[in-house]
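Given the structure of chain Z, go ahead and fit chain C onto it with the hints provided.
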Amino acid sequence: MLRFYVEVAQTAFRRQLIYRWANLAGMLANIVFGMIFSYVMIALFQVRSIAGGYDLRDALRYVWLVQSMVMIVLTFGWYDLMLTIRSGEVVSDLSKPCDFYWYWFSREIGRSGYYLLYRGLPTYLVGMLLFGFGAPLDWRLWLAFACSLPIGAMIGIAYRVLFNIAAFWIVEARAFGTLATVIALIFTGNYVPLPFFPAWLRAIADWLPFSGLMNVPAQIFLGKLAGGEMLLEFLRQLAWLLVMTLLVRFVAARATRRVVVQGG
Amino acid sequence: MNAIMSDLRLYRRLILMQVRAQLQYKINVVIDILGYLAVTILEFLSMLIYFVPFPTMFGWRIGEVAMLAAVASFSFGLAELFGAGIDVFDETIRRGDFDRVLLRPVGALFLVASSEFRLRRLGRLTEGILAFIVSLVLLHGIKWTPLKLLVLSISVMSGALIFMSILLMGATMCFWTVQTTELTNILFYGGREMLSYPITIYHQVLQRILLFVIPLAFGAYLPTCYLLDRALPLGLPGWVVFLAPAAALAFASIAVRLWSFGVRRYQSTGS
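Just so you know, the sequences run in chain order Z and C.
Per numbering that gives the first Met the number 0: the first sequence ends with 263, consecutive numbering throughout.
Per numbering that gives the first Met the number 0: the second sequence ends with 270, consecutive numbering throughout.
Derived by calculation from the structure, the hints in this document are not laboratory data.
There's no promise every hint is true.
As the list claims (entries may be wrong) - Restraint-style ranges between C-beta atoms, simulated for each label pair: (1) C:R8 x Z:G76: 32 to 38 Å; (2) Z:L230 x C:R60: 36 to 42 Å; (3) C:W238 x Z:S86: 52 to 58 Å; (4) Z:L93 x C:R60: 53 to 59 Å; (5) C:I253 x Z:L245: 55 to 61 Å; (6) C:A230 x Z:L120: 40 to 46 Å; (7) Z:R14 x C:L138: 48 to 54 Å; (8) C:W238 x Z:V170: 49 to 55 Å; (9) C:G234 x Z:G227: 52 to 58 Å; (10) Z:L120 x C:I3: 52 to 58 Å.
To be verified - Some chain C residues close to chain Z (C-beta under 10 Å, calculated; not the full set): (11) E42; (12) M46; (13) F57; (14) Q178; (15) G189.
What the hints assert, rightly or not - Covered by chain Z, per the in silico footprint, the following chain C stretches (three or more residues, Cβ under 8 Å): (16) 49-56; (17) 181-188.
Each residue gets a CB set at the ideal place from its N, CA and C atoms; glycine is no exception.
Next comes chain C alone, as it looks inside the complex:
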């Protein structure tokens, strides 16, 4: 317990250090966040244009898809914010900085995860909040219960964990080759794009992958179905939404195990 507390304290210090460093250039940070916010808002709004000529997307109305996209933005945005260090791991390897990380008396994964924190990424979370408000306005008449709020928050955190695990798997591949970052990006950004639409529009195989292999659907589609009192896909019973943390932890533990295997195999480029 003590160890966890001291890790958390250290994490907070490392993150705050970076926040403080970035705040030295206040105008830059503000422009960066606003720029990212504008980009994500524009992308969100342009998706809504589909509903000008079409009344529904596979039975989903505009407000419902907006809510889905908002929840996906939360999951993805959190992962992007807290997983930035894992995201840029290929650079850490290429520069040889990972050798230094290994010498320190704290876990390597911990140090990698806390090595980057970009305030600009708050832009997408802000967009998520705005998109969520838009969806509430468009929908009006959702019955909120404490249970729904609970499902929303645990699902978003689970989704973020799954997205970060994808990044971690990509980072693990860097121990063998740094050429693969593009592939991780496809899964990371493609996954986000896929989550913004009802997963029922995809091929049966893709739906099953999103539910059982890379369980990203737990981070956006399932909780949104729950909030909107919709049936879950593939005839899954309603309580499945509560399995989100389990699915996320299972996926993350695979990612972490692969990572530790990679760390053991790691040989520095040396010179």
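Extracted from the complex, chain Z is given alone in its bound form:
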């Protein structure tokens, strides 16, 4: 069975390879937004040199890290599953001799792998060339980052499958999905890094599942988390991954029991 899921992931990866131009255009968008936010950071850091433990170089790295990770972790406007529910195609996925959630999970893992190689890495490299902020050289940071990012990506999959499944109950679930995505993106520091948040909001954000999407991997990458703190963040990430996965599987089971197939 595992081999089947690996096949699904590989197929998703390969399918993504076809959209070469779309990926290039998407990368251009990431670069444009990376540049805008870089200029914002440069302007802000004119009045003080350290904010929330970040200096300008950290902030620039952060901006480009976010642009590199966002497609891997939480794609904006991902309604693939929702659309199959609306069109009824979901029935063919449900009748496959495999688990509904793990099927979508494998597909998305394949896509995330693609975006890591063909979107994330090049985007960060372009940022490095444009703004000369370099990358950390400590291999332990890279190792920790390599453990944390996949957990973030898996939380992201559980989360987006969850709000897509809402389409079993609501016909036009897009508005709901967009709102869910924006909330997650705000609380994972897509717009403003969490260290810049006011203390009370930071305290809330730290205990939400979204921190594990991009904030934790980014803090690790920037070397802002030491031994004990890093362990705590890893545990929180893993705990949320477990909770979200159980939740989405529970909801998916409830939803698919409602499905009535009209043959014809």
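Coordinates of chain C only, in the frame set by chain Z:
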């Protein structure tokens, strides 16, 4: 004159028809508008978080940046509302619906522009109004004059026209390839994001592009400087803000000319 009046009447009818159609699903429309409103408000609020650790952004205080973002939302929101048909033109081409449009006895651009009207997009305009109120509360003490109100309204309309022209240029490219919609989106959404911050933070080249090539700065940054009694960028004299309609019309006329060229070159996919 008569022709314009009848066009306007037709436009109103076409838009009202769509409004009525969308209002058939009242709960959906309300959820859609509220959802979009919530998204835009959250994005606006999260931008204000920058001012927790930092007192100013390149000399601009929180209320001033809030006003800038609000004005940008007006320009962008109007374009999004009235330019929706141009925005989805790639679909019209792909489905072959444009052939039908060409057969009708009204201008093609007119029909494309009036082919879509989405009530949900009122969400961003509402956010703009709320953001504007927030900025007024944060600033307290702007001296309003009739001239300032005039500058604000003509600039917002000019900005909307420029944003719509960007969409139109993107739509024109669809006559050759439908693969380019992503590029238009970068200019459209990237432009909006850029306008939400003082343009002086950007590289000199980018500032000049925003002023003289794609004159979006006329739709948000320049009028906001005028409202706040700030100097214009690059040492431009104050009266430049009144050139907004001229800049917008010049840009739009280029877009329209490219469009007509595209329409003449258009060959249906046929089958």
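Evaluation of the provided hints:
1. Between C:R8 and Z:G76 the C-beta distance comes to about 37 Å, which sits within the given range of 32 to 38 Å.
2. About 41 Å separates the C-beta atoms of Z:L230 and C:R60, a value consistent with the hinted range of 36 to 42 Å.
3. With their beta carbons about 56 Å apart, C:W238 and Z:S86 fall inside the hinted range of 52 to 58 Å.
4. Here the CB-CB span from Z:L93 to C:R60 is close to 55 Å, well matched to the stated 53 to 59 Å.
5. Taking the beta carbon of each, C:I253 and Z:L245 are about 57 Å apart, inside 55 to 61 Å as hinted.
6. Remark: the range hint 40 to 46 Å for C:A230 to Z:L120 is upheld by a beta-carbon distance near 43 Å.
7. In this structure the hint that Z:R14 and C:L138 lie 48 to 54 Å apart at CB holds, the actual value being about 52 Å.
8. The beta-carbon spacing between C:W238 and Z:V170, approximately 53 Å, falls within the hinted interval of 49 to 55 Å.
9. Distance hint check: the CB atoms of C:G234 and Z:G227 are about 55 Å apart, consistent with the given range 52 to 58 Å.
10. Between Z:L120 and C:I3 the beta carbons are some 55 Å apart, a value that agrees with the proposed interval 52 to 58 Å.
11. Interface restraint check for C:E42: the shortest CB-CB distance to chain Z comes to about 7 Å, inside 10 Å, so the restraint holds.
12. A hinted interface residue such as C:M46 counts as satisfied when its beta carbon comes closer than 10 Å to some beta carbon of chain Z; here the least separation is about 7 Å, so the hint holds.
13. Among the interface hints, the one on C:F57 holds; its C-beta lies about 4 Å from the nearest C-beta in chain Z, closer than the 10 Å criterion.
14. Given the 10 Å rule on beta carbons, the hint for C:Q178 holds: about 6 Å separates it from the nearest Cβ of chain Z.
15. The criterion of a C-beta within 10 Å of any C-beta in chain Z is met by C:G189, whose closest approach is roughly 4 Å, and the hint holds.
16. Counting residues of the region 49-56 of chain C whose C-beta lies closer than 8 Å to any C-beta of chain Z gives 7; at least three are required, and the coverage claim holds.
17. With 5 residues having a beta carbon nearer than 8 Å to a beta carbon of chain Z, the region 181-188 of chain C meets the requirement of three or more and the stated coverage holds.
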